Amino acid sequence: AQSVTQPDIHITVSEGASLELRCNYSYGATPYLFWYVQSPGQGLQLLLKYFSGDTLVQGIKGFEAEFKRSQSSFNLRKPSVHWSDAAEYFCAVGAHMNTDKLIFGTGTRLQVFP
Amino acid sequence: ETGVTQSPTHLIKTRGQQVTLRCSSQSGHNTVSWYQQALGQGPQFIFQYYREEENGRGNFPPRFSGLQFPNYSSELNVNALELDDSALYLCASSLVGDTEAFFGQGTRLTVV
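First to last, the sequence lines map onto chains A and B. According to my numbering, the first sequence is numbered sequentially starting from 1. According to my numbering, the second sequence is numbered sequentially starting from 115.
Do not rely on the hints blindly, as some may be mistaken.
[Said to hold, decoys possible] Pair by pair, the computed Cβ-Cβ distance ranges are:
1) B:141 / A:41: 22 to 28 Å
2) B:173 / A:22: 23 to 29 Å
3) A:29 / B:131: 38 to 44 Å
4) B:191 / A:79: 42 to 48 Å
5) A:16 / B:165: 31 to 37 Å
6) A:80 / B:176: 21 to 27 Å
7) A:40 / B:174: 24 to 30 Å
8) B:131 / A:22: 37 to 43 Å
9) B:141 / A:15: 33 to 39 Å
10) B:174 / A:28: 18 to 24 Å
11) B:226 / A:83: 32 to 38 Å
12) A:84 / B:173: 33 to 39 Å
13) B:134 / A:58: 39 to 45 Å
[To be verified] Short, incomplete list of chain A residues facing chain B, as computed with Cβ under 7 Å:
14) 101
15) 106
16) 107
Worth flagging that the hints you see were computed from the coordinates, not collected in a lab. All values reported here derive from a predicted model rather than from experimental measurement. Virtual Cβ for every residue (Gly too), placed ideally from N, Cα, C.
Same shape as in the complex, but just chain B (with noise of 0.2 Å):
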């Protein structure tokens, strides 16, 4: 077990909303980072998060966005959904040096 876990596993949204996933770090992790992964895709980086900044960001729009807390959770927030938007978005944490990065379940977002 991983002890990376997101909210919500699915979510169905409308084009023109708004969304925002949550993810919760393994214990001691300092830094988060989102993927997105569509259907019959490898995942895309999005952006990363350490100590509550955006430390690196993939080819994203600025639609996508991020926080990270204090307590080293985070959210991804997406505005203006897209149709194209629909994809299982993944976060991992790992301790900033460290080797390996920890993945949650995703959550399934379907824009329809």
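Isolated chain A, as found in the complex (with noise of 0.2 Å):
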């Protein structure tokens, strides 16, 4: 079955310091990958997407993903967390061409203290 997982429902850091999101997915064709970041009250914003090539890809906002096979994995980074990036992260996965088909995941809750 098609899925996505993120093992962390809330995660909390102080500002500056370095952040990583965790995101594990099954799916049985190759995925395309998403993350995206939703503010309170706010729709989804995409951050950043992996379709192929260079394993590693750089996003908007400063974030970076590293897509590993092996592991079925597709984690969210950041160096210097800042205390607007308070927000709802959201893993997803899609088909080739059907990439507003999505599956997320349920989300984690990063909470930035100053």
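Reconstruct the complex from the two isolated chains, following the hints.
Here's what the structure looks like:
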């Protein structure tokens, strides 16, 4: 079955600290992988996406993610977190040419302390 | 700004009633997908419309239905509302074959 697992429900970091949010997927075909961010009361904003090629992808707001096929993982990272990064983060997987029929994880809520 | 707009932003309905949610696609986009996001959960795919036809459906009952209009805007209709239908409903528009869907701000539906 196709699924996305985000093992961490809630993460708290200090401003300026590094961040890694975990994402594992189960998908039969070659996956298209995404990370979205959702601020309270807002819709989803795409941070980055991976389709093929270089397994380290750069996104907006200083985020990056690394695709590891052997581990079925697509972890999101940021070297230095800002207070404005506090939000809910969702990992999602989609099929080739159907990237708007996405399967989402349950999300990780990021809290940032000054 | 994504250009995808949804209305209304908030809505309160009584169990058993019917509701219609609306979505205006980003200019040039011909595909609309709807998602349901329950509190504390990730969005779940309801269905997608392409060229006014349903083009894929998730695990939702038939009382969830939709329409897409010639201008590519879309409606989500839910009949016989249940308490568990309380959620944030997100609309996403895209160009078929493209690699990114743009999400609206959502409609928060509360069923009492």
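Going down the list of hints, with the structure as the test:
At about 25 Å, the CB distance of residue 141 of chain B to residue 41 of chain A agrees with the hint of 22 to 28 Å. For the pair residue 173 of chain B and residue 22 of chain A, the supplied restraint of 23 to 29 Å holds, since their beta-carbon distance comes to about 26 Å. Residue 29 of chain A and residue 131 of chain B have their C-beta atoms about 40 Å apart, which keeps the hinted 38 to 44 Å range intact. Between residue 191 of chain B and residue 79 of chain A the beta carbons are some 46 Å apart, a value that agrees with the proposed interval 42 to 48 Å.
Restraint check, residue 16 of chain A to residue 165 of chain B: a C-beta distance of roughly 49 Å breaks the suggested window 31 to 37 Å. At roughly 49 Å, the beta-carbon separation of residue 80 of chain A and residue 176 of chain B lies outside the given 21 to 27 Å, and the hint is violated. Checking the proposed 24 to 30 Å range against residue 40 of chain A and residue 174 of chain B shows it holds: the Cβ atoms sit about 26 Å from each other. At about 41 Å, the beta-carbon gap between residue 131 of chain B and residue 22 of chain A stays in the expected band of 37 to 43 Å.
Under the hint 33 to 39 Å, the C-beta atoms of residue 141 of chain B and residue 15 of chain A, about 38 Å apart, fit the expected range. One distance hint, 18 to 24 Å for the beta-carbon pair residue 174 of chain B and residue 28 of chain A, holds here, with the actual separation near 22 Å. Checked against the given bound of 32 to 38 Å, the beta carbons of residue 226 of chain B and residue 83 of chain A, roughly 36 Å apart, stay inside it. Taken as a hint, the range 33 to 39 Å holds for the pair residue 84 of chain A and residue 173 of chain B, whose Cβ atoms sit roughly 36 Å apart.
Distance hint for residue 134 of chain B and residue 58 of chain A: a CB-CB separation of about 41 Å, consistent with the stated range 39 to 45 Å. At its closest, the beta carbon of residue 101 of chain A sits 5 Å from a beta carbon of chain B; the interface hint therefore holds under the 7 Å criterion. The closest approach between the C-beta of residue 106 of chain A and any C-beta of chain B is roughly 5 Å, which is under the 7 Å cut-off, so the hint is satisfied. At a threshold of 7 Å, the smallest CB-CB gap from residue 107 of chain A to chain B is about 5 Å, leaving the interface hint in force.
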